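Here's the letter readout for the chains.
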Amino acid sequence: MRFSRRTLLAVGGAALAVPALAYGQSAALRQKKLVVFILRGGMDGLAVVAPVGDPDYPRVRGRLATQSPLPLDAMFALHPRAPTLHALYGAGELLPIHACATGYRERSHFDAQNVLETGAAAPFARDSGWLNAALATLPRGAGGVALNAQAPLILRGDAPASTWSPSVLAAPNDDLMTRLMDLYDARDPALAEALRGAQSANAIAGDGAMSGGRGRGVEAAAALARVAGNFLTEPNGPVAAVIELGGWDTHANQAPEQGPLARALAALDASIAALRDALGPSWGETVVAIVTEFGRTAAPNGNGGTDHGAAAAAFLAGGATAGGRVLADWPGLSQRALHEGRDLRPTTDLRAVLKGVLSAHWRVSDRALATSVFPDSAGVAAIEGLVRT
Amino acid sequence: MPDMVGAAIAANRFGFGARPGELRAISRDPRNWVKAQFAAAAPLPAPVAALPPGEDDVLAFGRWLAARRMRNGGGDAMMRRAEREGVDDEDLRALSVEDDFIRTFRARGVAAIDARLMAAVLSETPARERAVHFWSNHFTVSALKPAAVALPPSFEREAIRPHVAGSFAAMLRASTQHPGMLVYLDNWLSIGPNAPAARMPRLRNRPNRPTGLNENLAREILELHTLGVGGGYAQADVQALAAILTGWTLERPPLAMIVGDQPGRRPASALFRFLSAAHEPGAHALLGRSYAQAGAAQGERALDDLAAHPATARFIATKLARHYIADDPPPAATARIAQAFARSNGDLRTTMEAVVECEETWAEPFQKFKRPEEYAISALRAANVRELPAGAGALAVGAMGQRIYAAPGPDGWSDRAEAWLSADLVWKRVEFAQTFAARLARADIDPAAIGEAALGPLLSDETRRAVVRAESPAQGLAILFAAPEFQRR
Chain A
1 MRFSRRTLLA VGGAALAVPA LAYGQSAALR QKKLVVFILR GGMDGLAVVA PVGDPDYPRV
61 RGRLATQSPL PLDAMFALHP RAPTLHALYG AGELLPIHAC ATGYRERSHF DAQNVLETGA
121 AAPFARDSGW LNAALATLPR GAGGVALNAQ APLILRGDAP ASTWSPSVLA APNDDLMTRL
181 MDLYDARDPA LAEALRGAQS ANAIAGDGAM SGGRGRGVEA AAALARVAGN FLTEPNGPVA
241 AVIELGGWDT HANQAPEQGP LARALAALDA SIAALRDALG PSWGETVVAI VTEFGRTAAP
301 NGNGGTDHGA AAAAFLAGGA TAGGRVLADW PGLSQRALHE GRDLRPTTDL RAVLKGVLSA
361 HWRVSDRALA TSVFPDSAGV AAIEGLVRT
Chain B
1 MPDMVGAAIA ANRFGFGARP GELRAISRDP RNWVKAQFAA AAPLPAPVAA LPPGEDDVLA
61 FGRWLAARRM RNGGGDAMMR RAEREGVDDE DLRALSVEDD FIRTFRARGV AAIDARLMAA
121 VLSETPARER AVHFWSNHFT VSALKPAAVA LPPSFEREAI RPHVAGSFAA MLRASTQHPG
181 MLVYLDNWLS IGPNAPAARM PRLRNRPNRP TGLNENLARE ILELHTLGVG GGYAQADVQA
241 LAAILTGWTL ERPPLAMIVG DQPGRRPASA LFRFLSAAHE PGAHALLGRS YAQAGAAQGE
301 RALDDLAAHP ATARFIATKL ARHYIADDPP PAATARIAQA FARSNGDLRT TMEAVVECEE
361 TWAEPFQKFK RPEEYAISAL RAANVRELPA GAGALAVGAM GQRIYAAPGP DGWSDRAEAW
421 LSADLVWKRV EFAQTFAARL ARADIDPAAI GEAALGPLLS DETRRAVVRA ESPAQGLAIL
481 FAAPEFQRR
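Chains as they are written, first to last, in the numbering used here: chain A, 1 to 389; chain B, 1 to 489.
Bound conformation, chain A alone (with noise of 0.2 Å):
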């Protein structure tokens, strides 16, 4: 018996379709590209866009207070791993957001990452991602990709989404392959049409990201970036893209060069000189979002670290960003300006952040804004002027 299509599995559908051939999109859309950097485990926004001019600065950190930080303005400087946002913010291309925090108060990684995914108020509240819902109210088929085995919640829902990983295994050798696809060919369409899509995702996603995105490490993590811009820069390609990464939980001894905080800055910094240069000229036309599910305390805890804390840094990236200058209604480091005498202060929504992206550059309605995208956020209000239109 041969396999028919219909009789073995709808494999027709988004979820087995290749990231890059799956979406038509009207061509208006089709540029505007949103890439969404989740920093799994909460930076250390005081440690990577420091308030070097706060007076309360030096006293609060002690010894992690920086050294030889790349200035932004009179208030701010950037850690030194981040040459390449440091470049981007003289280019007017970063825009770095302080104090900024989701609605959630408590210290857990996983509700704050829930949150964080969600956009819902509070943990747990849904089992769908802000982009997704996002990427829904956008002509039929725009979709996103995961740079994951498993899409994150932030990507789950209605809207197409797909997923690319690097191989933990061997990739399957020529001549395996051409032997399979010609049993697919003769027994099984579906696994074959399959079979295609992903060779043709590896092949855009390029050779060097098959080795290079596996494991940890900067390297790693500029590869998986790459494949993201190569997926974004093909015709009919996502109009969205997600990279996690790890290494931001800086519990301990976070300061020295080749500290955890380092190398886990190396690795964005990397990642987005790596995103650049792959989106090419759609670099004009993209907008990153960096975000983190919770920042970390002023002071050093015992062990030269930070513990979780309350507000954190952002960061917006890309040619569309209206950046070179820092996004911050400062609240001060002083003990009674401090969020519970230990955390700094949110100041900042980050939803009004990203609902002030998504209605720039996605033009999404205020409406699906407030309910589909931030369930019950109509008293956050979209920050205008972060996207250059």
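Note that these hints are calculated values from the structure, not bench results.
Computed from a predicted structure; not experimentally measured.
Even glycine gets a Cβ: it sits at the ideal position worked out from N, Cα and C.
A few of these clues could be false.
Unchecked claim - Below, a sample of chain A positions facing chain B; criterion: calculated Cβ distance under 8 Å:
1. 168
2. 184
3. 191
Claimed, not checked - Pairwise CB distance ranges (calculated):
4. A:203 x B:41: 50 to 60 Å
5. B:85 x A:341: 24 to 34 Å
6. B:262 x A:303: 24 to 34 Å
Fit chain B to the given chain A structure using the hints.
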């Protein structure tokens, strides 16, 4: 007359694929081969029996949580608790946070996953083992929720396994009272607004402490475990069931056990407690029926009634048919299974017999894609593997996109392939086929014979030819494992 086609269908649809020689034994009476596995008592598979008692997993999490609290601004509260419970605060300080979350739980998780895989690979009653996987997925407890990270294995062993050929109502009760489910769906945090505990100053004055109803478990019981979406319940029913289940919690391990190195000895299910101080007093109306306050019995009666509800029979039958027959199951088959479930008061042996008796199950093979775990297990069985390097199975299944005990949400892994099977994951399956074949292949193996033994008459001529013509035994085996009839069931 031996029914080899039936045997191959039975082995793949109801089990985890055939080990060499197994098809011949099944072929005498394929239907009865499945049914008999639900008729007799089944001992705990040896790899699963060898895991530590569930209480030990609960203690491991308590230990990690205490360490984190010591570090993350909760140290003072921990110290006060140490004083109350007469624990030396030096012992508390000695808890290492360097053993962070992943490191603490990785080894424990890998051992449990290896046990689950080997139980299925070696099983002499694979249809029963498949039912364990089905029900464990129906009542999902996922390690993705950190508080529940160590609990899925003991949940499966204690709340699911004993009941797969028994009563659905008993399984529902065991699930709802197990620490795994109580923690995964937050019921341990739920406090009746009018319960004595809600008025305790210690709870009231601590910021961020729960002092109200948590509806999570109640909602999922209605939506995912019993009636199903559209099963005829309203928000008021969710709240009523949540109120009924307040006070269903687990015994908190004493600090002395957390800081000590005594292993836990009891099953986790023994830690269930009904805490009347947290229970919302009074009668509550669920689905038009009033449940008088009677401690935990109030909730047990409500669960029994939910198990017996006609919507539950339909919902469970649909899920079974989707799992065993087709992604879009034939309505007539679903109706027959629902009828068997309802008439037998949710007896799962009777219900499984109804699934087996559905002609649709036997009419058209290969309608289902094997999920990654089923796929890996069936390859291991076909190749007659008897042991695995630690962690290899977890890695292989994770690489194919579905980490064991780590479903993304309380609805578990979908039984509709379109919900999870992407082109990228088809590619990963071929990678698995090639890698696994390369590790097994020796000069003296005969891939075509392995294919015959695994698939019998369902092995197609095209696949047999491709396997025979392969350039090496390793390539032949890779083609067999990647072949359409091996990827589907």
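Now the hints, each set against the structure:
Taking 8 Å as the C-beta cut-off, the interface hint given for residue 168 of chain A holds, the closest approach to chain B being about 4 Å. A distance limit of 8 Å between C-beta atoms decides the matter here; for residue 184 of chain A the minimum to chain B is near 7 Å, and the interface restraint holds. Using the Cβ-Cβ criterion of 8 Å, the hint placing residue 191 of chain A at the interface with chain B is satisfied: the shortest such distance is roughly 6 Å. As the Cβ distance of residue 203 of chain A to residue 41 of chain B is approximately 55 Å, the hint placing it in 50 to 60 Å holds.
Between residue 85 of chain B and residue 341 of chain A the beta carbon distance is about 28 Å. The supplied range of 24 to 34 Å therefore holds. For the hinted restraint 24 to 34 Å between residue 262 of chain B and residue 303 of chain A, the CB-CB distance of approximately 29 Å keeps it satisfied.
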